[in-house]
Amino acid sequence: AQSVSQHNHHVILSEAASLELGCNYSYGGTVNLFWYVQYPGQHLQLLLKYFSGDPLVKGIKGFEAEFIKSKFSFNLRKPSVQWSDTAEYFCAVNARTGRRALTFGSGTRLQVQP
Amino acid sequence: DAGVIQSPRHEVTEMGQEVTLRCKPISGHNSLFWYRQTMMRGLELLIYFNNNVPIDDSGMPEDRFSAKMPNASFSTLKIQPSEPRDSAVYFCASSFDRGIDGYTFGSGTRLTVV
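First to last, the protein sequences are chains A and B. Per this note's numbering, the first sequence starts with residue 1, numbered consecutively. Per this note's numbering, the second sequence starts with residue 1001, numbered consecutively.
Any given hint could turn out to be false.
Partner residues aside, some chain B positions facing chain A, computed with beta carbon under 8 Å [stated by the list, open to error]:
#1 Tyr-1048
#2 Val-1053
#3 Asp-1056
#4 Ser-1107
By construction, these hints were calculated from the structure, which means they are not laboratory data. Even glycine gets a Cβ: it sits at the ideal position worked out from N, Cα and C.
With these hints in hand, go ahead and build the complete structure from the sequences.
The following block contains the structure:
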């Protein structure tokens, strides 16, 4: 079975600070990896995704993530956060083959203080 | 495209009543997913359909929950009878080909059972 762990449940940063949110997954085969963002009161929106190729993927709004296969990790980063980045961030995984749907992590709530 | 459309946005009902949530996926998407989001359990997959056929319903909590997809443009999630512990935000998402490219989420239905 596939699973996702997000170790940081709540992160508080000041504007312009750098961000790194951890994501580790558990699955024996090849996976697709995603980061979604949920702004307060809104639905989930795709930030970025990894299927294959360059393990460093760039998404919208200056976010990027790095896939490290040996560590089963897909950490999300942003060099300088803004107040508008306050949201909840979800890592998700699904198997490249088979019929499994996306499995989401428990989410990390990011609060950026002005 | 208007995106994934869910209705109603908010539903308040009394325990024991039947509740029906509705979803219209993005035209051309052939996979549809129902997720439930709570503070305690995060995002849980309830069921997903591919080409209108239920593929994985292992996340459906119990027999009180049922889901249908009579055609490619409409799905319902029904709870009968509803209980207070069913209170949550229910998201519908759709994708092409089981989500290789990620899912598009609807705005959700916030269900409160009193």
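Status of the hints after comparison with the structure:
Interface restraint check: Tyr-1048 of chain B against chain A, minimum CB-CB distance 5 Å, threshold 8 Å, status holds. Hint on Val-1053 of chain B is violated. Least Cβ distance to chain A is approximately 11 Å, over the 8 Å limit. Here the hint on Asp-1056 of chain B is kept, as its CB sits about 6 Å from the closest CB of chain A, short of 8 Å. Given the 8 Å rule on beta carbons, the hint for Ser-1107 of chain B holds: about 5 Å separates it from the nearest Cβ of chain A.
Going down the numbered hints, you'll see the structure goes against just number 2.
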